[in-house]
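As given, the protein sequences belong to chains A and B, one line each in that order. Sequential numbering from 1 applies to the first sequence in the numbering used here. Sequential numbering from 1 applies to the second sequence in the numbering used here.
Honestly, the hints are just simulated from the structure, not real lab data. Note that the structure is a prediction, hence the values are computed from the model and not measured. Keep in mind that a hint or two might mislead.
Quick list of in silico lysine to aspartate or glutamate cross-link-like pairs, EDC-like style, CA-CA up to 16 Å [unchecked claim]:
1. A:K24 - B:D143
2. B:K68 - B:E101
3. B:K276 - A:D33
4. B:K285 - A:D39
5. A:K24 - B:D147
Sample of chain B residues lacking proximity to chain A, with all beta carbon distances greater than 12 Å (derived) [claimed, not checked]:
6. A47
7. G54
8. Y81
9. M163
10. L168
11. N169
12. N241
13. T280
14. V313
15. A315
16. I347
17. S351
18. P380
With beta-carbon atoms standing in for the labels, derived distance ranges [stated by the list, open to error]:
19. B:N129 - A:Y26: 19 to 29 Å
20. A:A32 - B:F356: 24 to 34 Å
21. B:L277 - A:W22: 21 to 31 Å
22. A:K24 - B:V110: 31 to 41 Å
Even glycine gets a Cβ: it sits at the ideal position worked out from N, Cα and C.
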Amino acid sequence: MTKAITTICLMLLLTGCSMQPWVKPYERAKLADPIMSFDRDPVSTNYINHVYQAREGARGAEGGQGGGCGCN
Amino acid sequence: MVQKADKVVAVVVINNKRFSKLFAGAITLGITFPLMAAILPADRFDALVHSYDGGGMEISGPSLLIRKMLGTSTSVSANYYVDSISSASIDVITSASPYKEERKEHSVGVEYLHDKSIMSFNYSSSEENDYKAKTYSIGVSQDFFGDLTTLSMGYSRGSDQIMRITKLNNQKTLDPLFGTDHADRHNFRLGLSQILSQNMIAGLNYELITDKGFLNNPYRQVRFADDSWASEVYPNTRSSNSVTTQLKYYLPYRAAVSGEYRLFSDTWGINANNIKLAYTHPIGKEWIIDLRYRHYDQSRASFYSDLFSAPGVQAFMARDKELSTYTNQTLGFSVSYDLAQQGWKLIDKGSINLAFDHMMFDYQDFRDASVEGVDIGTEPFYSFSSNVMQVYLSVWY
């Protein structure tokens, strides 16, 4: 799994040297809308991840952004 | 081995240990995974009150988070979090006595922006009467390809001290026979976020976590066919891999749908996956409604059993329901109301929020040992539901 991810990253790096952004900065208005954030409120996301971690065997790669702190 | 009635320990900490051990490390690593161009998070203050009620456990407390820019390239943050726990869970009912305790966590972080990179450092400490945890984390993220792609990586190192509470002369005190045990943890994390189109973004996260040391809960016990009980015995190492993919799409009208899938496996034999679907719908300029559904499914650890035939039948033995085979389904919603959108005095904007989640746990090989009048090992399988509520105020300044 680690090898596969490393390979994907390397391929992106190698092909990206000549790549032009296909979504221009002025075309990103919708993406900048707060409703498109994976994690609109970090303090809330961290808390609910904390609840799941305490009650489920799985852990890690929760996804989304953290809150810039170890808060939960 | 001790009989169930002979427990010397009045306190059983079932879930909270894992709060300290896992969460501080895993979450602090997720610091700098910006979705688009490298920018530092905005100055904001969040005050949250949380409440968990289910399975005989009531947990509540505040979480306060503040973030502030220093100059143009540095952002600092601090968080204070409390869990006040009152537990009479199934583990407590069957092998000990209800208890109350409190866990406090303090965290500080620094993020530094340089060109298209963000570097971060975090420190977190958590303390309760029988458990102390410290975690140091570093992270870096870099934007590529016209800021369409963000690659992130992080590492954290956690160090835990585990003690045990016992009752001597009717007083709760640290168990001198148990002393202090230790566990170390390393988290390695990779993240990739990608703008796919004007309407769609994707994320890919990978995390490797390794633990070494005392990984048991010092209170929990396994049971045997003759209805005797004994302390669990865990391996002293554990490594896990998890991968999460995310996708979010902006609908033709102002609303968004998102999907998330996580795959997990570890050296204890647990395989798990969860899927989450969500819909975000603004109403007017001030309201945002979120609806979500999550389904979690896991298989048991190789050394888990609800009932062992006799002591010593295998080297490692566990009866932790979080290591059993089960599912968890969650239905939830959030309502957010924006305040002072045009700013007010020193405040740029604010919001007040309510979030509610209903969780349903359904165990397939963990039996309800509190049921009486049936043969041992034939009790019904355990299940419970819980309600999780958050009320919080966010202010940007």
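Each hint tested on the structure:
The suggested pairing of A:K24 with B:D143 holds, with an alpha-carbon distance near 15 Å, which does not exceed 16 Å. Straight-line distance between C-alpha atoms of B:K68 and B:E101 comes to about 32 Å, which puts the hinted pair past the 16 Å bound. This hinted pair does not check out: B:K276 and A:D33 have alpha carbons roughly 21 Å apart, beyond 16 Å. With a C-alpha separation of about 20 Å, the suggested pairing of B:K285 with A:D39 is violated against the 16 Å cut-off.
For the hint linking A:K24 to B:D147, the alpha-carbon distance of about 9 Å falls within 16 Å, and the restraint holds. Its beta-carbon lying about 8 Å from the closest one in chain A, B:A47 breaks the requirement of being farther than 12 Å from that chain. For B:G54, the condition that its CB be more than 12 Å from all CB atoms of chain A is violated, with the nearest at approximately 9 Å. Some Cβ of chain A comes within 12 Å of the Cβ of B:Y81; the nearest lies about 5 Å off, and the non-interface call is violated.
Distance check on B:M163: its Cβ is at least 19 Å (rounded) from any Cβ of chain A, clearing the 12 Å threshold; non-interface status holds. Annotated as non-interface, B:L168 keeps its C-beta farther than 12 Å from every C-beta of chain A; the closest such distance is 29 Å. Every CB of chain A lies more than 12 Å from the CB of B:N169, the least distance being 32 Å, so the non-interface label holds. Separation of B:N241 from chain A is inadequate, the least Cβ-Cβ distance of about 6 Å not exceeding the 12 Å criterion.
Its closest Cβ contact with chain A, about 5 Å, brings B:T280 to no more than 12 Å, contrary to its assignment away from the interface. Distance check on B:V313: its Cβ is at least 22 Å (rounded) from any Cβ of chain A, clearing the 12 Å threshold; non-interface status holds. The beta carbon of B:A315 is kept farther than 12 Å from every beta carbon of chain A, the shortest such distance being approximately 20 Å. No beta-carbon of chain A is positioned within 12 Å of the beta-carbon of B:I347; the least distance is around 17 Å.
Its beta-carbon lying about 8 Å from the closest one in chain A, B:S351 breaks the requirement of being farther than 12 Å from that chain. Listed as outside the interface, B:P380 is consistent with that label: its C-beta sits roughly 20 Å from the nearest C-beta of chain A, beyond the 12 Å cut-off. Restraint check, B:N129 to A:Y26: a C-beta distance of roughly 56 Å breaks the suggested window 19 to 29 Å. At roughly 28 Å, the beta carbons of A:A32 and B:F356 sit within the given window of 24 to 34 Å.
Look at B:L277 against A:W22: about 27 Å separates their beta carbons, and that is inside 21 to 31 Å. At about 33 Å, the CB distance of A:K24 to B:V110 agrees with the hint of 31 to 41 Å.
Checked against the numbered hints given earlier, the structure breaks hints 2, 3, 4, 6, 7, 8, 12, 13, 17, 19 and satisfies all the rest.
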